[in-house]
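Colleague: Chains A and B are the protein sequences, given in the same order. Here the first sequence is numbered in my numbering, starting from 1 and rising by one per residue. Here the second sequence is numbered in my numbering, starting from 1 and rising by one per residue.
There could be a bad hint or two in this list.
[Claimed, not checked] In silico DMTMM-like cross-links for lysine to aspartate or glutamate, where the CA-CA straight-line distance does not exceed 25 Å:
| # | chain 1 | residue 1 | chain 2 | residue 2 |
| --- | --- | --- | --- | --- |
| 1 | A | Lys5 | A | Asp53 |
| 2 | A | Lys215 | A | Glu299 |
| 3 | A | Lys215 | A | Glu3 |
| 4 | A | Lys278 | A | Glu299 |
| 5 | A | Lys122 | B | Asp181 |
| 6 | A | Lys278 | A | Glu35 |
| 7 | A | Lys5 | A | Asp216 |
| 8 | A | Lys244 | A | Glu289 |
| 9 | B | Lys175 | A | Glu35 |
| 10 | B | Lys175 | A | Glu90 |
| 11 | A | Lys122 | A | Glu137 |
| 12 | B | Lys175 | A | Asp216 |
| 13 | B | Lys175 | A | Asp72 |
| 14 | A | Lys297 | A | Glu3 |
| 15 | A | Lys244 | A | Asp19 |
| 16 | A | Lys5 | A | Glu35 |
| 17 | A | Lys122 | A | Asp164 |
| 18 | A | Lys5 | A | Asp19 |
| 19 | A | Lys5 | A | Glu299 |
| 20 | B | Lys175 | A | Asp164 |
| 21 | B | Lys175 | A | Asp171 |
| 22 | A | Lys215 | A | Glu130 |
| 23 | B | Lys175 | A | Asp103 |
| 24 | B | Lys175 | B | Asp104 |
[Claimed, not checked] Here are some of the chain A residues that sit facing chain B, going by a computed Cβ distance under 7 Å:
| # | residue |
| --- | --- |
| 25 | Arg77 |
| 26 | Leu95 |
| 27 | His112 |
| 28 | Gly114 |
In short, the hints are calculated from the structure, not lab data. Quick caveat: nothing in here was measured; it's all calculated off a predicted structure. In this text, a Cβ means the ideal position worked out from N, Cα and C, and glycines have one as well.
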Amino acid sequence: MIELKNLSVTLGAAAAVRDASLSIQAGDRLGVVGESGCGKSMLALSMMGMVPDALAVSGQITLNGTAMPPRDETAWRPHRARSMAMIFQEPMAALNPLRRIGDTVMEPMRVHLGLSREDAIKRTLDLFAETGIRDPELRLRQYPHQLSGGQRQRVLIALALACDPALLIADEPTTALDANVSLRITDLLVRLSRQRNMALVLISHDLGAVARATKDILVMYGGDIVERGPTAAVLAHPAHPYTKGLLGARPRIEQAAGKRRHLPTIPGSVPGLFDLPKGCRFSGRCSVEMPHCARSKPENVNTEQGQAACHQLKEGHNGG
Amino acid sequence: MNTRYLPANLVIGAILVVLTLGVALLSVFWTPYDYTQLDIVHKFQGPSAAHWLGTDQLGRDLLSQLMAGAGNSMAVAVTAVVLGGSIGTALGLLASAYGGWVEDIVMRLSDLSFAFPALLFAIMLAAAFGPSLPNVVVAIAFINVPIFARVARASANQIWTREYVFAARAAGLGKFAISRDHILPNIAAPIIVQATIEFALAILIEAALSYLGLGAQPPSPSWGRMLSEAQTLMYLAPQLAIYPGLSIVVAVLGFGLLGDGLRDVTDPRLSRER
Ligand SMILES: Nc1ncnc2c1ncn2[C@@H]1O[C@H](COP(=O)(O)OP(=O)(O)OP(=O)(O)O)[C@@H](O)[C@H]1O
Ligand code: SF4
Ligand SMILES: [Mg+2]
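So here's chain A without its partners, still in its complex pose (with noise of 0.2 Å):
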């Protein structure tokens, strides 16, 4: 459905994401997690063809078979609300203040899909049901600041949904939420999934949350995809040194699934954009480190639950 391949978001010399290919097909539950800062919200927005216009996009980006110019609103913007739809971090921000939340969330179905105003209320009213928003009848004429966090967010979940897209993107959206809420939200974004049979990519430094909804995981360090495979062989069994010491502080989650979360802290922190490391982005702060990782990238290997990039992997075979 929509595939990456060597995509690079770089800000001149610096690179905010490096080299990323992936593919995701229909009813795909990807969680990706990593330190702050990471490229998570520069590989989401690139599969929406909305990298800020600061930074450069090379790579190839294959949208349902057809490559589309990284950043070409009159190619991406049929695409968007129908093919890909995305949820933000602050729910209050991403609603504007002075309109009614029903004529937010028409608004893609009356553009995209040419919905009459009494089509679009009916269909918004479902929505509503099904993202399990209270009132909903009140809700449409209601404003943001009148809603709670949660139901917010909700509301942004049914404007996502406003055409049926393929494929969501949360970017983190449950991180302004409470441990409930945010829990609740979560589960609802998987039975959305399963149900419209849509694609899910959650990013979040929730490890319960992606661990409870995703079944793959994609794990990010200083713009690199370090490691992925399935969500639950890759906590259970981390490969890559980077994905041992996000589990290192909490190696049981399941046990705390469902509680707020945040990812254990590493050692020391991630540096600037412009003072990665050229070779393993993880060297100078990995414990295992051998001299040539700062110089030299390692590629990626195949582990017994999906495939890492370090080079101890390459060379002691120890992918367990």
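Based on these hints, arrange chain B with the ligands on the given structure of chain A.
Modeller: Chain B with the ligands alone, transformed into the frame defined by chain A:
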């Protein structure tokens, strides 16, 4: 900021504006006398029960003339500011949405029109098409276009960076729909503030142009023309100049204060910078 507290300029401005607009509106339906009605026998009268403000050199009722002048002045200002403001706002939105050469053209054009003072432009129009109120409207509207284009563009540029605009783009909306449904409502506050201030200036310009004989032509009532007619009679009947002069002051001050007050309320940051 305490939301129950209204700044004095806002309150006083609002009172003066309501007064002016009320009188202007009333004059459309009713004035004590027909303001054109001559009554030479009763010229230069002082205030009386029959003529509250007295009469002028031709015995016309002063209050009626002032009221009708208010109507004229407001009509000119409203038409000119709405016309110029709409065109300017649309151009500003366009410049902000499309950027690049579209923005360059709009902004260069507005630079160009800033170089033409309203008075000069009105004089040119009067020379070409003869002096008339419609030409005054066109002249005032013309100078308002670049002013609103700039305010709209600057405000819109800020709104374009908001996340809900990004979300609207992600939902597949084009620049036109976003400008209309998301940008415009969110720049309404600065536009309305600007309109109120420009309204005050429009009243002043209309009075000035009519005073110079480029605007309202006799017998059309106008504060500016009343002033110019009263000029030669200053020593004989100063009140003939004082009343229209005061009317202009009240109206201009009212809209000016209201605009400032609205700006203070809607954007405290701006008012502190002044
Ligand atoms: N508009 C921009 N212009 C230049 N650089 C940017 C811009 N937006 C993000 N970046 C840089 O791109 C890199 C990747 O950012 P991205 O937003 O994808 O990270 P992220 O993984 O989503 O982080 P977070 O978890 O904080 O959302 C960061 O180093 C960031 O500084
Ligand atoms: S390549 Fe080297 S530095 Fe990078 S994760 Fe593997 S061992 Fe650590
Ligand atoms: Mg992000």
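Colleague: Does each hint fit the structure? Answer for all of them.
Modeller: Evaluation of the provided hints:
This hinted pair checks out: A/Lys5 and A/Asp53 have alpha carbons roughly 20 Å apart, not beyond 25 Å. Between A/Lys215 and A/Glu299, the direct Cα distance comes to roughly 24 Å. Compliance with the 25 Å bound is thereby established for this hinted pair. Distance hint between A/Lys215 and A/Glu3 is fulfilled; the C-alpha atoms sit about 18 Å from each other, no more than 25 Å. Taken as a hint, the A/Lys278 and A/Glu299 pair is honoured in the structure, with Cα atoms around 13 Å apart against an allowance of 25 Å.
A distance of roughly 21 Å separates the Cα atoms of A/Lys122 and B/Asp181; the hinted pair therefore holds under the 25 Å criterion. Restraint check: the Cα-Cα separation between A/Lys278 and A/Glu35 comes to about 19 Å, which is no more than 25 Å; the hinted pair holds. For the hint pairing A/Lys5 with A/Asp216, the CA-to-CA distance comes to about 18 Å; that is within 25 Å, so the pair holds. Proximity of A/Lys244 to A/Glu289 is assessed by CA-CA distance (about 14 Å); at most 25 Å being required, the pair is judged to hold.
This hinted pair does not check out: B/Lys175 and A/Glu35 have alpha carbons roughly 34 Å apart, beyond 25 Å. For the suggested pair B/Lys175 and A/Glu90, the alpha carbons sit about 23 Å apart, so the restraint of at most 25 Å is met. Only pairs whose Cα atoms come within 25 Å are accepted, and A/Lys122 paired with A/Glu137 is accepted, the gap being roughly 10 Å. Between the alpha carbons of B/Lys175 and A/Asp216 the distance comes to roughly 36 Å, so the proposed pair goes past 25 Å and is violated.
Simply put, B/Lys175 and A/Asp72 have alpha-carbon atoms about 13 Å apart, close enough for the 25 Å limit, and the pair holds. Between the alpha carbons of A/Lys297 and A/Glu3 the distance comes to roughly 23 Å, so the proposed pair stays at or under 25 Å and holds. A C-alpha spacing of about 22 Å is found between A/Lys244 and A/Asp19, which places the hinted pair at or below 25 Å, so the restraint holds. Of the pairs offered as hints, the one joining A/Lys5 and A/Glu35 holds, with about 23 Å between alpha carbons and a cut-off of 25 Å not exceeded.
For the hint linking A/Lys122 to A/Asp164, the alpha-carbon distance of about 15 Å falls within 25 Å, and the restraint holds. Distance check on the hinted pair: A/Lys5 and A/Asp19 sit about 7 Å apart at the alpha-carbon level, within 25 Å; holds. A hinted pair counts as satisfied when its Cα atoms are at most 25 Å apart, and A/Lys5 with A/Glu299 qualifies at roughly 15 Å. For the suggested pair B/Lys175 and A/Asp164, the alpha carbons sit about 22 Å apart, so the restraint of at most 25 Å is met.
Between the alpha carbons of B/Lys175 and A/Asp171 the distance comes to roughly 23 Å, so the proposed pair stays at or under 25 Å and holds. The hinted pair formed by A/Lys215 and A/Glu130 meets the criterion: a straight-line CA distance of about 23 Å does not exceed 25 Å. Between B/Lys175 and A/Asp103 the CA atoms are separated by roughly 17 Å; this keeps the pair inside 25 Å, and the hint holds. Taken as a hint, the B/Lys175 and B/Asp104 pair is honoured in the structure, with Cα atoms around 18 Å apart against an allowance of 25 Å.
This hint holds: A/Arg77 has a C-beta 5 Å from the nearest C-beta of chain B, less than the 7 Å allowed. Checking A/Leu95 against chain B by beta carbon gives a least distance of about 6 Å; that is within 7 Å, so the hint holds. For A/His112, the interface hint holds, since its Cβ comes within 7 Å of a Cβ in chain B; the closest pair sits about 6 Å apart. With 7 Å as the threshold, the beta carbon of A/Gly114 stays out of range of chain B, its nearest partner Cβ sitting at about 13 Å, so the hint is violated.
In summary, the numbered hints that this structure violates are 9, 12 and 28.
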